[in-house]
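Next come the chains, spelled out residue by residue.
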Amino acid sequence: MKNNISVMVIIGIMFLTGCAETYSVEDRAIIRVAGYDFVDEDRLKATVAVPQYGRGESSGTPTEKFQSAVDHSVKEAHENIQRKLSKPISIGKLELSLFNEELAKNGLKNMIDFLGRDPIIGRNILLSVVKGETQGLIEAKYSESETTSKYITGLIKQNINQSNFPETNLHKFLYAYYADGMDPFLPLIKRTDSQVEIDGIAFFDGAKMVHSLPYSEAFNFKIMKQDFNRGTKGIKYKEEHIVLENIGSRVTYHVIDGIEHPKFLLDIKIKGFINEVQNINLMLNGPVIKSMEKDFEKSLQAQCIEMIERFQELKIDPLGLGNDLKNRREHFDLKKWEDVYPTVPVDVKIDVEIIETGITS
Amino acid sequence: MGKWERRGRNQQLNKAGTIQTLYKKLKESKDFLVYHHTGPTPCVISYLKTMADPKILNESILPGLKNADLHSLEKIKEAITVENISITDQAEKIKEKVLQGYVVIQMTENDNQVLLIPASTKVGRKVSIPEIEFSVVGPKEAFVESLDKNMNLIRKRVPLPELTVKELSIGKLTNTRVAVVYIDGIANEININTVMQRLKEIDYDQMIDSSYIAQMIADNSNSPFPQLLDTERPDRMTEALVEGKIAILVDGSPHALTCPTTIVEFFSASDDYFMPWHLATVFRLIRLFAVLFSVLSTSLYVAILTHHHEMIPEELLATIISSRADIPFPPILEVIILELTIELLREAGARLPTKIGQTIGIVGGIVIGTAAVDAGLTSNVLLIIVALSALASFTTPVYQISNTIRLVRFPFIIGAQLWGLIGVSMVMALFIGHLIKLQSIGTPFFAPIYPLRFTDLKDAFIRLPFNKQTQRPIQTRPLKSERLQPSDANKKRDIDE
Amino acid sequence: MNKKRQSKIDLHVPENLLVTPFFVFFLIHAMQLGVGILSFETYIARDAGYDAWISLLIAGAAIHLLLWIVYNILQNSKGDIVSIHEETFGKYIGGFLSIIFSLYVLLLTLTVLRTFIEVIQTWVFPQLNVWFFTLALLLLIYYLVAGGFRLITGLCLISVLLALPLLWLKFFPIQAGDINNVFPIIDHTLVELLSSAKTSILGFLGFELLLVFYPFIKNPEQSKKWAHYGVFFTTIIYVISAIIAFIYFSEKQLDQVNWATISLWKIVEFPFVERFEFIGIALWLFVVIPNICLALWAASRIPKRMFNIRQTYMVGIYCLILYVATIMLDERQQIKELNDIANMIGFYVLMYIPVLFLFKKARDKVRDTN
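Chains as they are written, first to last, in the UniProt record's numbering: chain A, 1 to 361; chain B, 1 to 497; chain C, 1 to 370.
I should point out that these hints are in silico values taken from the structure, not numbers from a laboratory. Mixed in with the good hints, there may be bad ones.
[Said to hold, decoys possible] Computed cross-link-like contacts, DSS-like style, restricted to lysine-lysine with a CA-CA straight-line distance of at most 27 Å:
id: 1; chain 1: A; residue 1: LYS157; chain 2: C; residue 2: LYS170
id: 2; chain 1: A; residue 1: LYS172; chain 2: C; residue 2: LYS252
id: 3; chain 1: B; residue 1: LYS140; chain 2: B; residue 2: LYS75
id: 4; chain 1: C; residue 1: LYS170; chain 2: A; residue 2: LYS225
id: 5; chain 1: A; residue 1: LYS65; chain 2: A; residue 2: LYS84
id: 6; chain 1: C; residue 1: LYS218; chain 2: A; residue 2: LYS172
id: 7; chain 1: A; residue 1: LYS75; chain 2: C; residue 2: LYS218
id: 8; chain 1: B; residue 1: LYS480; chain 2: C; residue 2: LYS218
id: 9; chain 1: C; residue 1: LYS252; chain 2: A; residue 2: LYS315
id: 10; chain 1: B; residue 1: LYS49; chain 2: B; residue 2: LYS93
id: 11; chain 1: C; residue 1: LYS198; chain 2: C; residue 2: LYS170
id: 12; chain 1: C; residue 1: LYS252; chain 2: A; residue 2: LYS109
id: 13; chain 1: A; residue 1: LYS236; chain 2: A; residue 2: LYS45
id: 14; chain 1: A; residue 1: LYS208; chain 2: C; residue 2: LYS252
id: 15; chain 1: C; residue 1: LYS252; chain 2: A; residue 2: LYS105
id: 16; chain 1: B; residue 1: LYS49; chain 2: B; residue 2: LYS30
id: 17; chain 1: B; residue 1: LYS458; chain 2: C; residue 2: LYS218
id: 18; chain 1: B; residue 1: LYS172; chain 2: B; residue 2: LYS49
id: 19; chain 1: C; residue 1: LYS198; chain 2: A; residue 2: LYS263
id: 20; chain 1: C; residue 1: LYS252; chain 2: A; residue 2: LYS335
id: 21; chain 1: A; residue 1: LYS236; chain 2: A; residue 2: LYS172
id: 22; chain 1: A; residue 1: LYS336; chain 2: C; residue 2: LYS252
id: 23; chain 1: A; residue 1: LYS87; chain 2: A; residue 2: LYS105
For reference, chain A alone in the conformation it holds in the complex (with noise of 0.2 Å):
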């Protein structure tokens, strides 16, 4: 029976010390989406939007209360925002990250070790550059059904998923950001009055953005860095515009010769339907669709080929050429490798098959 007393002791203990202060869900800031902008050379502005949530009205949504606080660090941006608020500031449901282009610019250093060094923080989250201000973009109410937090993710997500922007997210920047030869990209976004939208890709050098695409060149980049089965494309086909929907693409990376002199080809296998012609007068088929093949291939390797020789000429390496080519060669030097890089020669094969015409011919 000592057993006993000693179990009835422990439960006490329990009791007594289980008391400690915890918050329960509903008593935190549970931060969804932060934003950051630059003030000067050592400070920074965060923002933040806390959603408050009110009781037996789960099918409106939210009302959401914005916080911001200018100063040197992040934690001490948070620290700051959390004077004005009422309850403890989670972070941990962080989905969200936005950074302004000045910035980004200026590099993303201490953004990257606070996102990479919090156990709290998911790896799922998508990251992001802001033309202009996060804050303003932040506040302002786009949607009645939806929080902005929602909204934006939602509005990059499915981009992503079912259209032309490659895949993202604080891991994959993570990794590129670490990982020798390559550097990472993320979405470029920009407000336009009641809405957000996709501007472009944002590449950077290390932490520092240093280049920006347009959202149209997006595919171009996608069918080069991943494998996909979603997005468009249009090309300029003897006066008329054409419009390819990718349903498949697949791409292989060739690393010719050693490591002392390697070349690349990017072999880029693409099916699609054709679901958009201009002109209706054109007949869809055999030879007119061999030639449209011909012409996309044509025109997406020039593209591709260019786009590439721009990165060399800035010394960066979205695509992880050099990662690409130290898993395959042994003896890899980093140093050697980012002084040959802008000379490399990179080739672009694309094979373009049209599987189906739509329903009408």
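Use these hints to put chains B and C onto chain A, whose structure you have.
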């Protein structure tokens, strides 16, 4: 103090005196009749009016005495047409038999030689349908309070000379008949000896129900888990007997015990054998899931809401937060209040007559639940969870284990409040350790998981078809383990053969 | 019968306390898989980069060899480490070595316990009340160890059953990763691979407890194959974990990550639950508890065999030592040092096994010629 006094009195009560002292004691009761029979054969007939059957007395005994010249008990014995008549002068035996309703005949009142005529009448209900372990298909007979009727129900199902019944009488005051039933040649002697040994060691005043025995002979009486399976279905007991298990029946108890048993047996219903095996397997898995859900759901609610809200997906988060927005209590208090309310309803329902009980359950559940949500005392999300977990705990086919599940929840809730999911894991480790340690009549209770017995898994979480059940479970260490010869029917045939 | 062989203390273990040879698989595997697997990827990749999975295979092979030696030592003596030490080195030196072994196992226990609490502090509760949590955990462990060897074996089995489903979660990082990272080119020298193998071998520590629980195995000869399967299974799990971490992380990124396996759980998402690392760590308790229990049991078993003290007391004393040590070590750096020391000693213990084997062989030969 009181214990010593009681023991002294007990000894006095059990002391066998002479017939005279016995009669003196019995005559103090109004229903003990001593009747001087006159006529051709004068003798003294005495019996307990409330225990003896007047029909036997009037139709078999008294007409026999009408014959003249029966001057000795032997003669009377021959004249009376009732079986099992005996002559004795042992006061102890006389006492026992009189109390069972035997009619005693003496030649004269102070004679020590008596004739004992069995004339007991049995008052008791008829065999009815099982209420606790109800099943839609399958046999509808349930045990009753009479040991003999229960034995009849079993013998009827197992017409085997090997079906052995050992009887003991337990309880210093009640002298209750307890029967140990097993199939000789299948049941293992070690198990039988263990059971007999433990039954013999019982030293207690009364033996009202088989659950007394279940608690007294359990390997670990401090465990919340029942270590003997209790059943009111003779068919279920038959299943157990042919697997080499031992059954214990107590006179006066409509529940029999079977042992050795395992934890998984408590979650298998007799319905499982009346259905095709795939259906049975699915339903059994659902039941096991329900048990896990019932034990863990509220503690997970506490753990996640208090400590790990990062785990809640976005869509659920809004629902949960808005339902909890104005609740004044932390999740742990909310859960304990609601769990206690449900337990209250359950206790009230169990104490009230069936019809009212059901109404209380439903009305109480709906009215109190909605009112609590409206008043802002609990969130409706939790109400759903608690109601579901209560419902899930009713799916266990054996009543005893559902009580355990009710209790076991609370340590989990405390663990969850302290260290979230890790606390839940710690309590889980404690219970798993306890279950591994636990034994049922000397055999491991956590089998067939540990010790891992692959052959016994055929009827544990899943139930394989009957033709795959070729071996009796190893758990019972049966003397003959072969249940059926795998026949050619099991062979795979090719197309069109 | 050799009179010399009989130890002063009775080694007879009652029949009903023995476990079947099959369970040696779980005992070996559960003891090897501890907290090490949560973080080993980073360390093994430091020397051999992404070729480190080859080092793991080398380490696994080495362990198979050592296991074979351990079985050889045990089979010839029919005893456990205490009686082997006694008959090989005599009463005093042998006894001293046995005590060292007991303390080493206790150190292993402390490392696992403290590191797991560290994981909880880092990942789940930064403000964890360490003295109270450790108290509760040690009480639980005391209760389980007091249940005896059979109970601990059962826990080992449960741990494998509960932790195995976690392997399915590895599909999530495979989808997000880049298979090219483990392209099989061997870019590292043999020295680098071996140095990484030395680091990897620490993940396999724990199988040497066989020296203590060997008398508890029914038909120990048959357990040999199960022990090897156990080691093989551990190797497979380590290799899979390593390869998947290499696929998911870039090499420099992995160097920044402290607990790679837990980081991998972070990306697991289901419609009803996100952020699987909390569930993963909670379930990992079932891996850690048998580990601690078995080690504590073995550590306290040695003094019982030597001095015939009640094992319950020894478990109590050791629990107290663990408790005090856990509370005293409260900085990340100290815990890292603790791990380093335990690993270093563990490596020497592994080195000691062949030495013991040779000494014993020599001893047997001397005795046989006499």
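Status of each hint after checking the structure:
1. Distance restraint check for LYS157 of chain A and LYS170 of chain C: the Cα-Cα separation of roughly 23 Å lies within the 27 Å cut-off, and the hinted pair is therefore satisfied.
2. Pair hint LYS172 of chain A plus LYS252 of chain C holds up; C-alpha atoms about 13 Å apart against a cutoff of 27 Å.
3. This hinted pair does not check out: LYS140 of chain B and LYS75 of chain B have alpha carbons roughly 48 Å apart, beyond 27 Å.
4. A C-alpha spacing of about 24 Å is found between LYS170 of chain C and LYS225 of chain A, which places the hinted pair at or below 27 Å, so the restraint holds.
5. Proposed proximity of LYS65 of chain A and LYS84 of chain A is supported: the alpha carbons are some 11 Å apart, at most 27 Å.
6. At most 27 Å may separate the alpha-carbon atoms for a hinted pair to count; LYS218 of chain C and LYS172 of chain A exceed this at roughly 52 Å.
7. Only pairs whose Cα atoms come within 27 Å are accepted, and LYS75 of chain A paired with LYS218 of chain C is rejected, the gap being roughly 59 Å.
8. A hinted pair counts as satisfied when its Cα atoms are at most 27 Å apart, and LYS480 of chain B with LYS218 of chain C qualifies at roughly 24 Å.
9. Restraint check for LYS252 of chain C and LYS315 of chain A: satisfied, since their Cα atoms lie roughly 20 Å apart, inside the 27 Å limit.
10. For the proposed pair LYS49 of chain B and LYS93 of chain B, the alpha carbon gap of about 19 Å is at most 27 Å, so the pair holds.
11. Distance hint between LYS198 of chain C and LYS170 of chain C is fulfilled; the C-alpha atoms sit about 26 Å from each other, no more than 27 Å.
12. Between LYS252 of chain C and LYS109 of chain A the alpha-carbon distance is near 16 Å, which keeps this suggested pair within the 27 Å criterion.
13. Distance hint between LYS236 of chain A and LYS45 of chain A is unfulfilled; the C-alpha atoms sit about 45 Å from each other, more than 27 Å.
14. This hinted pair checks out: LYS208 of chain A and LYS252 of chain C have alpha carbons roughly 18 Å apart, not beyond 27 Å.
15. Proximity of LYS252 of chain C to LYS105 of chain A is assessed by CA-CA distance (about 23 Å); at most 27 Å being required, the pair is judged to hold.
16. This hinted pair checks out: LYS49 of chain B and LYS30 of chain B have alpha carbons roughly 9 Å apart, not beyond 27 Å.
17. Our distance criterion of 27 Å between C-alpha atoms is met by LYS458 of chain B and LYS218 of chain C, whose separation comes to about 25 Å.
18. Simply put, LYS172 of chain B and LYS49 of chain B have alpha-carbon atoms about 24 Å apart, close enough for the 27 Å limit, and the pair holds.
19. Annotation: proposed proximity of LYS198 of chain C to LYS263 of chain A is violated, straight-line Cα distance about 37 Å (limit 27 Å).
20. For the hint pairing LYS252 of chain C with LYS335 of chain A, the CA-to-CA distance comes to about 15 Å; that is within 27 Å, so the pair holds.
21. The hinted pair formed by LYS236 of chain A and LYS172 of chain A fails the criterion: a straight-line CA distance of about 34 Å is larger than 27 Å.
22. At roughly 18 Å between alpha-carbon atoms, LYS336 of chain A and LYS252 of chain C fall within 27 Å of each other, so this suggested pair holds.
23. Simply put, LYS87 of chain A and LYS105 of chain A have alpha-carbon atoms about 34 Å apart, too far for the 27 Å limit, and the pair is violated.
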